Amino acid sequence: MGGLSTEDLQAFGLTLRLAATVTIFLLALCAPLAWWLARTRSALQRLVAAVVALPLVLPPTVLGFYLLLLLGPHGAVGRLTAALGLASLPFTFGGLVVGSMLYSLPFVVQPLHNAFEAIGEAPLEAAACLRASPLDRFCSVALPMAAPGIVTAAVLGFVHTVGEFGVVLMIGGNIPGQTRVLSMSLYDHVEAGDYTQAHALSLCLLVFSFAALLVMSLLRPRRWANV
Amino acid sequence: MSDAQDGGASGLDAALGWNRGALSIALDVMLPARGVTALFGPSGAGKTSCLRMIAGLDRMAAGRLRVADEIWQDSNRGVFLPPHRRRVGYVTQEPALFAHLDVSGNLDFGHRRAGRPASLDREDLIDRFGLRDLLRRRVQSLSGGERQRVAIVRALLSQPSLLLFDEPLSALDAPAREDLLYLLETLHAKLAAPLIYVSHSIDEVARLADHVVVLEAGRVVAQGSPQATLTRLDLPPALIEAAGAVIEGVVIGHDPDDHLTELGFAGGALLLPRNQARVGDRLRCRVGARDVVLAQERQTGVSSLNQLQCRIIAVADADHPSQCLVQLDAGGTVLLARITRRSWRALGLVPGLEIWAQVKAVALGG
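Residue numbers (this note's numbering), protein chains in the order written: chain G, 1 to 227; chain R, 228 to 593.
The set of hints was computed from the structure by calculation and includes no laboratory data.
Because the structure is a prediction, the values reported are computed rather than measured.
For every residue, glycine included, the Cβ atom is placed at its ideal position computed from N, Cα and C.
Some hints here could point you the wrong way.
Stated by the list, open to error - Pairwise CB distance ranges, derived in the manner of DEER restraints:
#: 1; chain 1: R; residue 1: Pro309; chain 2: G; residue 2: Leu44; range: 21 to 31 Å
#: 2; chain 1: R; residue 1: Ala341; chain 2: G; residue 2: Pro176; range: 51 to 61 Å
#: 3; chain 1: R; residue 1: Ala249; chain 2: G; residue 2: Ala53; range: 34 to 44 Å
#: 4; chain 1: R; residue 1: Ala295; chain 2: G; residue 2: Leu44; range: 34 to 44 Å
#: 5; chain 1: R; residue 1: Val506; chain 2: G; residue 2: Pro134; range: 49 to 59 Å
#: 6; chain 1: G; residue 1: Leu80; chain 2: R; residue 2: Ser368; range: 54 to 64 Å
To be verified - Here are some, though not all, of the chain R residues that point toward chain G, as calculated from beta-carbon distances under 7 Å:
#: 7; residue: Ala282
#: 8; residue: Pro310
#: 9; residue: His311
#: 10; residue: Val315
#: 11; residue: Tyr317
#: 12; residue: His327
#: 13; residue: Phe336
#: 14; residue: Arg339
#: 15; residue: Gly451
Said to hold, decoys possible - Footprint (simulated), chain R over chain G, 3 or more residues, beta carbon under 8 Å:
#: 16; segment: 114 to 127
#: 17; segment: 144 to 156
Model the full assembly from the supplied sequences, consistent with the hints where possible.
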């Protein structure tokens, strides 16, 4: 097993950058979405929950295919971005971010949804009677009380983005330094029969994923358990 | 003296209710601007629902609610202040403390949002409720009594214009309950806002309340001073157990040899077990209807020390067909006696008759 080549290191850096970007965007997007899912009594709740969970069951290639059509020069979003003078998204880092966000969405929404539900009405009503407005309650009670769920959501979103392949394949292409992520490099090495490099990369991913899950379980505070 | 008319303007004027199928609540009360109002009634009477309506936590509730000079709700005019703008200090049966904050953080939550008003003495409240040594503790490590004390001080520090306490003592063991009840009694005189205190414990009501609202099956069935309300003959059957006189008097002396305290009140004097009160202190005690025995003559050769001359006002059915409730006037103080129908006949009792009431037991409060 040799060390990682320059190209592989580049792929590694790109993957981390992608996963970090996706995780941050997803947390910002999913916190209000999961809060709504956990609190609303709207009939739309089940519909939205099902749509959000869709990437769980859909083959990533299907997701990537539709995204490619949608974001491409003839797709609705593609035409919109073109009309606005923006670059086309497929085969760019931005396209990867959008695709990965969709793909990892349920892995971030689910833990947040569960964490918000577990808080229950009582602390929020107590906060309301202590003069906290709805936004104040979300920031000063719901978010801190859901902290373990937020950690879980972040780790799952990050790790899941690192490990994706199908969406990247469809929408990202394989451009070194721009869209060639770890899983693509690995695929290339195996295709080329370069098992030494493939081993090195696989081991890196394995260790990384395991470490992330370990950190997540260590970070989950026990003291919340009996609240 | 503690009726709604006391002091002119009332503190709270509510006509709130909701219907959910077979369940309905209708709260129609006018409460004094100061003091403690006990919301008293059997389990399931809708006491907690009333507090939630007042706090604005129940969006289904319709009607009117005015507290001091503020309209909190007026469904006809589409007014509904959300809970965070109502300024209620709500203490729930199970204290909902913030698990992510320590005791100090919990206390400051409402205090900070109220703008840390100078009129509230945070340090004094912390000392009086014995929270000084707990400030840095996580709330999960507190005992039931400690949690409830934190919840009460947290509510007081948010400078509420109305306090709502929902059976704050019910989850506590006897010593913790006694401690907290004593603290609430001492708090009573210093409260700037009216307090609505939900309870199904007659002892808590007798010790704390200036005003009693009796609730049964979602309806107000009686309200007034504890003295007048708890001696009514038409209390809901579930509350007959609680029926009895609340007597407020002044300590007129102690007998150190026999360890007795003499309490003078309109209508006579009662001997109580010696307590901490000093001569001249006002004390409240409760004489349950079951603890009163009637006799035609003043008795000698009986062990009960307390005998009061009374006149029979009225009689009514009690909770069992063999029993009746007799309302008595002891020189202006109303007493209740729960006796058998057979005794009523055998003694030839009729309203207007002069009679002696032997008091078997006096529960002390206040």
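Taking the hints in turn, this is what the structure says about them:
no.	hint	in the structure
1	Pro309(R) to Leu44(G): 21 to 31 Å	holds (23 Å)
2	Ala341(R) to Pro176(G): 51 to 61 Å	holds (60 Å)
3	Ala249(R) to Ala53(G): 34 to 44 Å	holds (38 Å)
4	Ala295(R) to Leu44(G): 34 to 44 Å	holds (41 Å)
5	Val506(R) to Pro134(G): 49 to 59 Å	holds (56 Å)
6	Leu80(G) to Ser368(R): 54 to 64 Å	holds (56 Å)
7	Ala282	holds (6 Å)
8	Pro310	holds (4 Å)
9	His311	holds (5 Å)
10	Val315	holds (5 Å)
11	Tyr317	holds (4 Å)
12	His327	holds (4 Å)
13	Phe336	holds (5 Å)
14	Arg339	violated (9 Å)
15	Gly451	violated (29 Å)
16	114 to 127	holds (count 5)
17	144 to 156	holds (count 3)
This entry does not satisfy hints 14 and 15, going by the numbered hints stated previously.
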